[in-house]
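There are 2 protein chains.
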Amino acid sequence: MKIVRKIEDVREAVREARKSGKKIGFVPTMGFLHDGHISLVEISKKNAEFQVMSIFVNRLQFNDVNDFNTYPKDLERDFDIAEKGGVDLIFTPDDTEMYRNNLTTVDVDMLTENLCGAHRPGHFKGVFTVVSKLFNIVQPDVAVFGQKDIQQAVSLEKMVADLNFPIKMIIAPIKREIDGLAMSSRNKHLSSEQRSAALSLSRSLKKCEELLKSGVTESSKIIGEMKKVIEEGKPDKIDYISIVDYGTLKDTTVAGDKTVIAVAAYWGTTRLIDNMIAEREGNSLKCV
Amino acid sequence: MKIVRKIEDVREAVREARKSGKKIGFVPTMGFLHDGHISLVEISKKNAEFQVMSIFVNRLQFNDVNDFNTYPKDLERDFDIAEKGGVDLIFTPDDTEMYRNNLTTVDVDMLTENLCGAHRPGHFKGVFTVVSKLFNIVQPDVAVFGQKDIQQAVSLEKMVADLNFPIKMIIAPIKREIDGLAMSSRNKHLSSEQRSAALSLSRSLKKCEELLKSGVTESSKIIGEMKKVIEEGKPDKIDYISIVDYGTLKDTTVAGDKTVIAVAAYWGTTRLIDNMIAEREGNSLKCV
Chain A
1 MKIVRKIEDV REAVREARKS GKKIGFVPTM GFLHDGHISL VEISKKNAEF QVMSIFVNRL
61 QFNDVNDFNT YPKDLERDFD IAEKGGVDLI FTPDDTEMYR NNLTTVDVDM LTENLCGAHR
121 PGHFKGVFTV VSKLFNIVQP DVAVFGQKDI QQAVSLEKMV ADLNFPIKMI IAPIKREIDG
181 LAMSSRNKHL SSEQRSAALS LSRSLKKCEE LLKSGVTESS KIIGEMKKVI EEGKPDKIDY
241 ISIVDYGTLK DTTVAGDKTV IAVAAYWGTT RLIDNMIAER EGNSLKCV
Chain B
1 MKIVRKIEDV REAVREARKS GKKIGFVPTM GFLHDGHISL VEISKKNAEF QVMSIFVNRL
61 QFNDVNDFNT YPKDLERDFD IAEKGGVDLI FTPDDTEMYR NNLTTVDVDM LTENLCGAHR
121 PGHFKGVFTV VSKLFNIVQP DVAVFGQKDI QQAVSLEKMV ADLNFPIKMI IAPIKREIDG
181 LAMSSRNKHL SSEQRSAALS LSRSLKKCEE LLKSGVTESS KIIGEMKKVI EEGKPDKIDY
241 ISIVDYGTLK DTTVAGDKTV IAVAAYWGTT RLIDNMIAER EGNSLKCV
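Chains A and B, in that order, give the protein sequences.
According to my numbering, the first sequence holds residues 1 to 288 in order.
According to my numbering, the second sequence holds residues 1 to 288 in order.
This is chain A alone, in the form it adopts within the complex (with noise of 0.2 angstroms):
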């Protein structure tokens, strides 16, 4: 695996992977990684023959100087565990080398206002922005998500289709724990009794499931159920448990053919989130 901190340099090992005929997958990460992240990678392997994985804390997306400053770093650990799951090219640049003197932005609009987006404007903003750079410098065939940041991978989604990246965009499922648990860095700040609790979001998820293959649709019927769910889990607060459309994010009010159900709710001031894709095809319903 090589480490690279400077553009040209990922530009020219890209080159090289791609004369050889090889196929470029990326994985964008702010680092730190753990198992979720390396289910993105197992996925563009499947895709691509050359994995690339960028690790950069990218203070665009940070509305707090402080929670950036203070954003977990083990880069010796991160390389390690790439390795292990098979990157071939890590890019982690420093700041002055993504950003000097930065004036340009790019925006989803609509599709930030809702969910995460509420409380903190100008965070997708700045994925927006260091995504296309990083599309820029990369210039991979195929590009990963996780399905756990739903809104950032939907609006990315809209975003490549809108300014017309030729990249082929993976919304990855969640990786979860044995119990259910969706994978979080955050998972770690939790109390081995809020660890179990936090279980009900998850649950919430698989009673909406229920719900939906039953055929109840109405958004605030379902959501009144799932509530009941989350809050056996007694979470210190619920931020938010929508329903909403795949294409807009916008609320809706009841679950059409491609629907998001999305909860985040707080355990002491660990924020936990997890989400479920709802999709009509023909008679069956799948939910991921």
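For the record, the hints were derived by calculation from the structure and aren't laboratory data.
Keep in mind the model is a prediction, meaning the values are calculated, not measured.
Incorrect hints may appear among the rest.
Partner residues aside, some chain A positions facing chain B, computed with beta carbon under 7 angstroms [to be verified]:
1) Ser20
2) Val108
3) Glu113
4) Cys116
5) Asn136
6) Asn164
7) Met169
8) Ile170
9) Leu190
Dumping the calculated DSSO-like pairs for lysine-lysine here, alpha-carbon to alpha-carbon at most 27 angstroms [claimed, not checked]:
10) A:Lys84 to A:Lys46
11) B:Lys23 to A:Lys168
12) A:Lys22 to B:Lys22
13) A:Lys168 to A:Lys188
C-beta: ideal position from N, C-alpha, C; glycine also.
Position chain B against the provided structure of chain A, taking the given hints into account.
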């Protein structure tokens, strides 16, 4: 010369050209071609072996729907001029090929507040967005923009740097009529009297060059002298006479190392623009 209307067909043709070892040059236009456009192709030819030109009237960059609807079009004539000019591939998509419920925009902050940006809200955002799309569709090695639209050229140069587009940007010098008038499709709206009066614009830039060469650098003084020259041409209105820093396009009180001198004025309802870049190189001053 090949003419295509579909994004996939551009990609196919560009892929073929690249396979045979050719570099791709790109000149985006809104059609109604004149010698100014062909001068951009000429420069592109010096830097690449396969010339792509887009002809697309981009509604996103029009503030006025009427202005958009009445924008002059003559595709058959354009094809003829482009072919004679050595274009290899014309991409002329319709609106639905380019925009399908577009939600994504690209913006370059600050560079668009002054000069022509002041009274064209949203115009440059529309330009940045469509050029980003065209860059991703054509994937050129080299793109050529005219210095005539200096604000567009400088801010696109900044966009390319900020978003790391792997493209060499070339700003081509203004193509002028023999008497010095900057070429423009708008010149045909001028009466012969207005036509000769409008020469005061390019004369005012000559005046500026003389002043700079004689060591006068104070903007207010230079602007005062330029104003006298333009007023000799009795314009119906002087829109602006601006001396701005090349990197920020903000007004500067003293002409510095790289400075843009830009003018805009009306004769009748025809708005004409012209400009000059003054660059200090060692002890000498280069004005283009």
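Going back to the hint list, which numbers does this structure go against? Numbers 1, 3, 4, 7, 8, 9, 13 - these are the hints that the structure violates, sorted from lowest upward.
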